[in-house]
Each structure stands twice: as structure tokens, then as C-alpha cells.
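> Residue numbers for the sequence shown follow the numbering used here, so the first one is 1 and each next one is one higher.
No lab work stands behind these hints, which were simulated from the structure alone. Please note that a few of the clues may not be correct.
To be verified - Here are the in silico distance ranges between beta carbons for each label pair:
no.	residue 1	residue 2	range
1	P202	A127	28 to 38 Å
2	V41	R165	23 to 33 Å
3	A113	D214	15 to 25 Å
Ideal Cβ positions, reconstructed from N, Cα and C, are used throughout, including at glycine.
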Amino acid sequence: MLAPLGHTAAWAEDEAPQNALARAHTTLQERGLELGLGYTVELFSNVSGGIEQDTKLLDNLDLTAQLDLERLLGWRGATGWLYVLANHGGNPSEIVGDLQAVSNIEAPTTWRAYEAWIEQRFAHPRASVRAGLYDVNAEFDVIPSAALFSHSSHGIGADFGLSGRNGPSIFPVTSLAVRARVRLADKVYVQGVVADGVPGDPKHPRRNSIMLGDGDGGLWVVESGVRTYRTADHAEPGPEARHASEASLRGPLRTKLALGVWGFTTDRADFSARDVGDAPLEHGGSLGSYLLGEHSV
Numbered sequence: 001m002l003a004p005l006g007h008t009a010a011w012a013e014d015e016a017p018q019n020a021l022a023r024a025h026t027t028l029q030e031r032g033l034e035l036g037l038g039y040t041v042e043l044f045s046n047v048s049g050g051i052e053q054d055t056k057l058l059d060n061l062d063l064t065a066q067l068d069l070e071r072l073l074g075w076r077g078a079t080g081w082l083y084v085l086a087n088h089g090g091n092p093s094e095i096v097g098d099l100q101a102v103s104n105i106e107a108p109t110t111w112r113a114y115e116a117w118i119e120q121r122f123a124h125p126r127a128s129v130r131a132g133l134y135d136v137n138a139e140f141d142v143i144p145s146a147a148l149f150s151h152s153s154h155g156i157g158a159d160f161g162l163s164g165r166n167g168p169s170i171f172p173v174t175s176l177a178v179r180a181r182v183r184l185a186d187k188v189y190v191q192g193v194v195a196d197g198v199p200g201d202p203k204h205p206r207r208n209s210i211m212l213g214d215g216d217g218g219l220w221v222v223e224s225g226v227r228t229y230r231t232a233d234h235a236e237p238g239p240e241a242r243h244a245s246e247a248s249l250r251g252p253l254r255t256k257l258a259l260g261v262w263g264f265t266t267d268r269a270d271f272s273a274r275d276v277g278d279a280p281l282e283h284g285g286s287l288g289s290y291l292l293g294e295h296s297v
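Based on the sequences and whatever the hints tell you, model everything.
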């Protein structure tokens, strides 16, 4: 805080700005609202090879709001999650010529509603359902250590990330989806999601579009796995899991093993096969799978 010229700014110890912010934060939490702010800046310089030697600066702003709907509205077992995303800056892939993006925050310059869903828990915390704008990679085909690295190869698998007409419902564009999860035991879970097959508007990547167009088809994913932690607390992680690793949410992770299967119901052009007129051949849907594992030593 800046004091006007000629005056002195002073607070009693219990009225310091940081204490006031802490009290405000606690009050909001008690009322069922928790706000979050994250900002990332990356500087990339291609000093040798690639397409050209150049430097790119890009940034990513995250604004989040977690809503305890039981405290706010008396809706028992319900949680809301709102996530606004803003990206700005250069595209390092243009100067590197990579097959996978060198930065996991590389995206068109725009503001967008990134996630907006409601989760209902049943027989807490054994089962839950989420519905709304949803990032599939928040809970599917993800390992905790991916949060430590900036390269996109540490995130969702390249085959899955490049699938679909406009990619799956992941960063930086998501689509409407419904996700269900059941914990069969403290360590074993099964989860599945069905989402609109074409997130956003492929013709206008900077437009904040939520569309359910004819021919979009759907994306579906089913995953089953085992997770163990060094602590005895096996409570389900909250929506803050979008950027935080599971280990940071429930203590250090010991082991995660998971097997997933995904598919699109829409036709798509082949990457290499062509017809006699040199047009890409169309495939009726697509199918893939993944196996992931991580163990803390």
C-alpha cells in the first residue's frame, strides 16, 4: 500500500495488510468460496538448429473459483468449479519445428472459459459425477510427476493429444462432458468420461465457443487404476487437481498404475493414406489405449 505524499501509512500489528487478506480468505472459505490465482511466464530461445534462431516469450494466467455448494446453497455433496484461462505470447513450436509442443502452456492468444462444472458425490467419497466444461487430462492419462515439467511430452500421450478433429477436451480448449468415478477400494478406482468430440471452433481457435454441432460425435475414455500414498488419508482430491499433483493434495504418492482406453465416434482424415485424387482417406472413428505407471523410491 502506498501512502499519500506527506502522510505515513501505519497499521496495528493485527491490522497489517497480509493479516487482513488472510482473514478475508478464511471468511470466504467458511462461506464456501475459495479463489485461486496463478501466473506463469516462459522464455524460450532457439540458439541452434530448428527452423530459425529466435526467442519467444509467452505467459499463462489462471483464475479459479471453487464453490462448496453445500455451504452456499445447502446442496449436500455438491461442489462447483469455475476456471478462466488467459494465454498470450509467442509460439516456440514455430521456430523449433517440433512434433510435440515444447511448452505445455503454448496456446492461441485469448481469454476463455476453460472449465465450469458441478460435481455430485454419492456415498462420500466412494462415487462422484461431474458435468460441464471439463478437462479430460485433469484426471485421465496423467501422472503426478507431469506437473514438474514444462514440455508437453510429460502430459497426455502424443497419440491421444493429437486425436480428434480439434484435439480431445484438454488444454487449451475444452468441451461439455460428463465424468463418473467409483472407488472400489481405498486403492482401486474406475472412471469414465463422455465428451463432445470437437471442443471449441476449429475454424476460429481464438474464439470462446461452446458448440454441439452436427457431426461432432463424441469422445469416450475409460480408465482403471491403483493409487497408494504414504499417508493413510485416501479422501478424493478436489477440483484443484487441475494443476496440482495428487501427491501435493493427499501427501506423497507412493505408486500409481493405470490402464485406459479411449475412442472417438467421428470420422477423421488419415495422417498419411490418400486416395487416387491425393485427398486424405477418412476413417470411421478412432481407438487408442495407454498404460502408465509411477513409483516413488
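> Failing hints, ascending?
No numbers; nothing is violated.
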